[in-house]
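Going down the list, the sequences are from chains A, B and C. Count the first sequence with my numbering and you get residues 1 to 327, in order. Count the second sequence with my numbering and you get residues 328 to 658, in order. Count the third sequence with my numbering and you get residues 659 to 980, in order.
Hints may contain errors.
Said to hold, decoys possible - Now the in silico label distances, taken between C-beta atoms and shown as ranges:
| hint | chain 1 | residue 1 | chain 2 | residue 2 | range |
| --- | --- | --- | --- | --- | --- |
| 1 | C | G897 | A | Q155 | 53 to 63 Å |
| 2 | B | G608 | A | V301 | 54 to 64 Å |
| 3 | B | V344 | C | G829 | 29 to 39 Å |
| 4 | C | R694 | A | A203 | 49 to 59 Å |
| 5 | C | G862 | A | G20 | 32 to 42 Å |
By construction, these hints were calculated from the structure, which means they are not laboratory data. In this text, all values refer to a predicted model and were calculated from it rather than measured experimentally. Just so you know, even glycine gets a beta-carbon here, dropped at the ideal spot from N, CA and C.
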Amino acid sequence: MTEPVLSVRNLTVEFPTRRGTLTAIDNISFDIAPGEVLGVVGESGAGKSMTSAAVIGLIEPPGRIAGGEIKLNGKRIDNLSEKETRKIRGKKIGVIFQDPLTSLNPLYRVSQQLIETIRTHLPLSEADARKRAISLLDEVGIPAAARRIDDYPHQFSGGMRQRVVIALALCAEPDLVIADEPTTALDVSVQAQIIEVMKKLCAERGAAIMLITHDMGVIAETADRVAVMYAGRIAEIGPVRDVIKDAKHPYTSGLMGSIPSLTSDLERLVQIPGSMPRLSAIPKGCAFNPRCPQVFDRCRVERPDPLDVGDRKVACWLYDDRKEQAA
Amino acid sequence: MSAPLLEVRNLSRRFDVSKPWLNRVIERTDKVYLKAVDNVSFSINKGETLALVGESGSGKSTIARLIVGLLDPSEGEILFEGKSLSAGLQGAEARRLRRKFQMIFQDPFASLNARWRVSDIIAEPLKVFERGLSSLDRRRRVGELLELVGMSAEDGIKFPHQFSGGQRQRIAIARALASKPEFIVCDEPTSALDVSVQAQILNLMKDLQNEFGLTYLFISHDLSVVRHMANRIGVLYLGRLAEVAESKTLFLQPKHPYTRMLLDAVPDLEMTGRKRKRVEGEIPNPIDPPSGCAFHPRCPFIFDRCKAEIPALLENGISQTACHAVEERRI
Amino acid sequence: MSAQDNLTAPTAAPVAPKPPSRLYRIWDSDVFYSFRRSPVTIVAAIVTVTMLLAALFAPWIAPYNPFNPASLNLMDGFTPPMTESMMGNFFVLGSDHQGRDVLSTILYGSRVSIFVGLSATLFAMTLGVSLGLAAGYLGGTTDSVIMRIADIQLSFPAILIALLIFGVARGIIPPSRQESMAIYVLIVAIGLSNWAQFARTVRGATMVERQKDYVSAARIMGVHPLAILIRHVLPNVTGPVLVIGTIGLALAIIEEATLSFLGVGVPPTQPSLGTLIRIGQQFLFSGEWWILLFPAITLVMLALAVNLLGDWLRDALNPRLR
Numbered sequence: 001m002t003e004p005v006l007s008v009r010n011l012t013v014e015f016p017t018r019r020g021t022l023t024a025i026d027n028i029s030f031d032i033a034p035g036e037v038l039g040v041v042g043e044s045g046a047g048k049s050m051t052s053a054a055v056i057g058l059i060e061p062p063g064r065i066a067g068g069e070i071k072l073n074g075k076r077i078d079n080l081s082e083k084e085t086r087k088i089r090g091k092k093i094g095v096i097f098q099d100p101l102t103s104l105n106p107l108y109r110v111s112q113q114l115i116e117t118i119r120t121h122l123p124l125s126e127a128d129a130r131k132r133a134i135s136l137l138d139e140v141g142i143p144a145a146a147r148r149i150d151d152y153p154h155q156f157s158g159g160m161r162q163r164v165v166i167a168l169a170l171c172a173e174p175d176l177v178i179a180d181e182p183t184t185a186l187d188v189s190v191q192a193q194i195i196e197v198m199k200k201l202c203a204e205r206g207a208a209i210m211l212i213t214h215d216m217g218v219i220a221e222t223a224d225r226v227a228v229m230y231a232g233r234i235a236e237i238g239p240v241r242d243v244i245k246d247a248k249h250p251y252t253s254g255l256m257g258s259i260p261s262l263t264s265d266l267e268r269l270v271q272i273p274g275s276m277p278r279l280s281a282i283p284k285g286c287a288f289n290p291r292c293p294q295v296f297d298r299c300r301v302e303r304p305d306p307l308d309v310g311d312r313k314v315a316c317w318l319y320d321d322r323k324e325q326a327a
Numbered sequence: 328m329s330a331p332l333l334e335v336r337n338l339s340r341r342f343d344v345s346k347p348w349l350n351r352v353i354e355r356t357d358k359v360y361l362k363a364v365d366n367v368s369f370s371i372n373k374g375e376t377l378a379l380v381g382e383s384g385s386g387k388s389t390i391a392r393l394i395v396g397l398l399d400p401s402e403g404e405i406l407f408e409g410k411s412l413s414a415g416l417q418g419a420e421a422r423r424l425r426r427k428f429q430m431i432f433q434d435p436f437a438s439l440n441a442r443w444r445v446s447d448i449i450a451e452p453l454k455v456f457e458r459g460l461s462s463l464d465r466r467r468r469v470g471e472l473l474e475l476v477g478m479s480a481e482d483g484i485k486f487p488h489q490f491s492g493g494q495r496q497r498i499a500i501a502r503a504l505a506s507k508p509e510f511i512v513c514d515e516p517t518s519a520l521d522v523s524v525q526a527q528i529l530n531l532m533k534d535l536q537n538e539f540g541l542t543y544l545f546i547s548h549d550l551s552v553v554r555h556m557a558n559r560i561g562v563l564y565l566g567r568l569a570e571v572a573e574s575k576t577l578f579l580q581p582k583h584p585y586t587r588m589l590l591d592a593v594p595d596l597e598m599t600g601r602k603r604k605r606v607e608g609e610i611p612n613p614i615d616p617p618s619g620c621a622f623h624p625r626c627p628f629i630f631d632r633c634k635a636e637i638p639a640l641l642e643n644g645i646s647q648t649a650c651h652a653v654e655e656r657r658i
Numbered sequence: 659m660s661a662q663d664n665l666t667a668p669t670a671a672p673v674a675p676k677p678p679s680r681l682y683r684i685w686d687s688d689v690f691y692s693f694r695r696s697p698v699t700i701v702a703a704i705v706t707v708t709m710l711l712a713a714l715f716a717p718w719i720a721p722y723n724p725f726n727p728a729s730l731n732l733m734d735g736f737t738p739p740m741t742e743s744m745m746g747n748f749f750v751l752g753s754d755h756q757g758r759d760v761l762s763t764i765l766y767g768s769r770v771s772i773f774v775g776l777s778a779t780l781f782a783m784t785l786g787v788s789l790g791l792a793a794g795y796l797g798g799t800t801d802s803v804i805m806r807i808a809d810i811q812l813s814f815p816a817i818l819i820a821l822l823i824f825g826v827a828r829g830i831i832p833p834s835r836q837e838s839m840a841i842y843v844l845i846v847a848i849g850l851s852n853w854a855q856f857a858r859t860v861r862g863a864t865m866v867e868r869q870k871d872y873v874s875a876a877r878i879m880g881v882h883p884l885a886i887l888i889r890h891v892l893p894n895v896t897g898p899v900l901v902i903g904t905i906g907l908a909l910a911i912i913e914e915a916t917l918s919f920l921g922v923g924v925p926p927t928q929p930s931l932g933t934l935i936r937i938g939q940q941f942l943f944s945g946e947w948w949i950l951l952f953p954a955i956t957l958v959m960l961a962l963a964v965n966l967l968g969d970w971l972r973d974a975l976n977p978r979l980r
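Using the sequences and the accompanying hints, generate a full structural model.
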C-alpha cells in the first residue's frame, strides 16, 4: 500500500477551562491516501472542525494538542514551530473555509493575493505567476479570468468568491486540500457547481481532500471514504457507499434515517432522542450510549475502540466478537 | 371545496435601497428599489401545508413577514378567512384575528428573549390574548405546553441559554401554540439545527398539525425537508412564483426549467446514480433583475419571448407554471 | 417513536446535583470569576466601597463636625497633620485656615461629591436611555432629531455645557433661593451634559435588538411598542448602560469638582471635594500643603477606583474578551 498523504494517530485535543479540562478531540486516528477524498461528517459539537484546525495548526489557544501525532507524507507536523507550520499551510496543505471572506483579504485585488501566494511557494517571476494565476482562475470556472483577476473580492458573487478561494488553495500545488464546510454558505444550485470544480481540480492534480461538512448529501456526492464523528470521536469510518447504504454504527444509521428523503414517502422521520452531549458532560463508556436504541450494559462502562468490520472501522461493542461473554 | 383559510392576491413588496438623500442629490442618481416580492398570489386551505422554496433573494422570508404583519405590502392584499388584513385592523377585531396566526423563526437563539425565563416567554401570548386567566391557570397552561412539545414543566424556571438549539426551537413552538392559533408561518424552522435534531422538530410539527388541525406556511431552502412536510409547494425565483404544484407532482414531473435545475442540484444521497444536468450560472442581482422572465439567462430552453415578456402563472394541466416554454408546449 | 421520547436529554449531567444556592451561583458566575481573578479590580472595589461607606456615615465617624460654627476655633487654624493644636485638639490630617479638621471636611465633602455624582449620573442615565430607546426603536425622523442633538452636544466639552446650564439657571432662580437650589441645579447641569453618551450607546444596542426575532414575535402578538421597549429591549441593553454608568459616575464626580473649583458649584456652606481643593490651593505656596493635598488625593482615588471598576465591568460583560 502506498504511504498515506495524511496520517493522524491517536490525536487528542484539549481545552483547559476553569471548570476542568474539556476534551474536544478524543483519541482519533485516520489516514488519507494520495488523491483520496475523505469526508468528515458530524453534527455541531462533534469535533470535525477542530480536527481540521489541528491538522493545519490553527487551534485557538488555550486549546492544545494533548496527545498523538499528525504526519504529512510521513513527516510529523504537529510539533513544528509557528513559522514552519505556516510554510506547510500554503505549500503542502491548501485550505478552503466556509466563508470565502476569511480567506480573502478585502483590501487587496485577487491578482495580488494569488500572485503573492504563488511566489511565496514557487520560484516564479511576477509575470509567470500572473499567467499561472489567470489559468487557475480559468480552470475554476471564472469567466473572463484575464480581466476579472484585477477585481477586488467584494466584486465577485458568493459562488465566484468561493471559486477564487479554491484557486488560492490550489495555487502552490498542495498534496492535501482541507475544505471546511466549503459550500454551507452557498445556495443549492451554486453548491453543486463548487463541489464539481473542487473535485475535478483535485483529481487532476492528484491532491487528496479532507472535506468537512454536516451535509451527508455533499459527502455522498464527493467523498471516497467518510468518517462519522460523534462527541470528539470517530464513530464509523469506511467507504462512503457502504456507510450511507448500510450504516453499522447505531449513530450513523440514526443520522441517515433522520434525513428526509427525496424519493421515499415516510410519515415520520427516524429520530435519535436527545442531542449531542456537551463537552463538559460526555457520558462514561460509549459517548452515544444514552441515545442509543441498542445499548447494553457494556456500553455504559467501557469505551469502544474502533473495530474492524469488513473494510471499515466501527467504534461499537455490537461488533465485538466477545460481546456475548461481556454481556 | 370551502374557501381558503389564507389567500394572497397580487402581493408585492418593494424596499427602498437608495443612497441617502444628500448623496443622491450630489451624485444625481435616482431612488433605487429592490422588488423583493413581485405580484405573488396563492392560497392555503385549512389543515394543509404550503411550502415556499427558493434560494437567497427569492423573497420567501419577505412573504412570511408580510403575512404576519411585520411588513406592510406595497401592493396587493392578504385575506384571512375572507377578511383583508391589510386594511388597518383595530381593537378587538385585530386581536381576534391576530391570535389565530403565529410564527416560528429560523434562529432559536434570537427568537427567545435571553433575559426572560422560559415560562414567561411561553406565557406572553396568554397575557396578551387571554387577559382573564389567573396566574395559576396560566402557569398550568405553560406546563401543559412544555409537555406538549416534549419538554418538562420544570424547564419553565430556566433561561433559554440553558437549552440546546433543538430544545429552544421546542420552546418557540410552545410559545406559538400558546394562543391556540390556526395558522403558523414557519420561516426556515430547522435550517439552524443539526439533522438529527431537525428530524425531531419536523416530527413534532407534523404531530402537532395532526392533533390540532394546524395550517402551515412552511418556508425553506431545503427541498428534501419541503417534500417531507408539504402538501403543495410554491417555487420562488427572484420574488416571483415560478411553479406551484402538489408536492408529489413537483418532484416527479417538475415543469418549470428552474424547478428542474433545482432538483438536479440536490445531492444524490440515495446514490442512485441518476443522470443529472449541470447547473448553469448564478442568481442575478435582485436590484437589477433580467428583463422578461428573470430566469432566462440561466434557462436551457430560452427563446425570444422570454427576454421580452414576464410570464404569468398559468395552469398547465398538472400544476401552475410561469414559463413561456411550458405555455407553448415547447418542453 | 414519538416526540415525547426526548424528555430525557443527555445534555444534562447524569445525576442531577442539588441546585447550588443563589449566592453561590452569583459567586460562581463568569462575571465574578473575572472579578476574583483581577487584584486591581478587588482593590478598586474595596476603595470605592470604603469611600462610599465613609461618606455615608460621615456624621458618625468624623472626629469633628466641621460645619458647626460653635465648635470651630480660629486658634486651631493651620495645624499641620498629626499634631496637636494650641487649643489641645488633635488633627490627623491637619486643619484649615478656619480651624476645621481636614479629615472631617473630606468625609463631609465626599458625601456631597458622591451624592451629586450619583444623582447626576442617574439623571443622565434615565434621560439618555429613554431617548436612546426611542431613537433606536422608532428610527426615522425621531432618530435623526435626537441623535443630531446628541452629536452637537458631544462636540462641546461637557464642562462647557454644564457651565452654560448653570448660568441660565442662575438667571432664572431668584437670588434668595439660589443657595438652597444650587445643588439641584448642579445635578441637572451635570446630568444634562452627560446624557448623550447613554443615548448613543442605547440607540445602537436597540437597533440591533429590534431586528431580533423575539421582538418580531412580540410584534406579531400585537404587544404595545412601549411594552416591547420596556419589557423586551431594555433588559437586553442594560449591560453597556451599566458600563457607561460606572465610568460616567467617575466623570460626574470630577465634573462636579471642576465646577466647584471654579466657584460655580455647591455653596461654601456645603463644601464638596472640589470646593475643598479650591480653598486649599490658596494656601499651597504659603506652606500649608495639607489643606490642598488630602482632598485632592481623595478625589483622585475615588475617581480612579470607580473608573477601574467601570473598565473591569466593560471587559467582564464583553463576551469577546472573556
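Hint check:
For the hinted restraint 53 to 63 Å between G897 of chain C and Q155 of chain A, the CB-CB distance of approximately 38 Å leaves it violated. The supplied range of 54 to 64 Å is met by G608 of chain B and V301 of chain A, whose beta-carbon atoms lie about 56 Å from each other. Distance hint check: the CB atoms of V344 of chain B and G829 of chain C are about 50 Å apart, inconsistent with the given range 29 to 39 Å. A hinted range of 49 to 59 Å for the beta carbons of R694 of chain C and A203 of chain A is consistent with their spacing of about 56 Å.
For the pair G862 of chain C and G20 of chain A, the beta carbons lie near 37 Å from each other, so the given range of 32 to 42 Å is met.
Comparing the model with each numbered hint stated earlier shows that hints 1, 3 do not hold.
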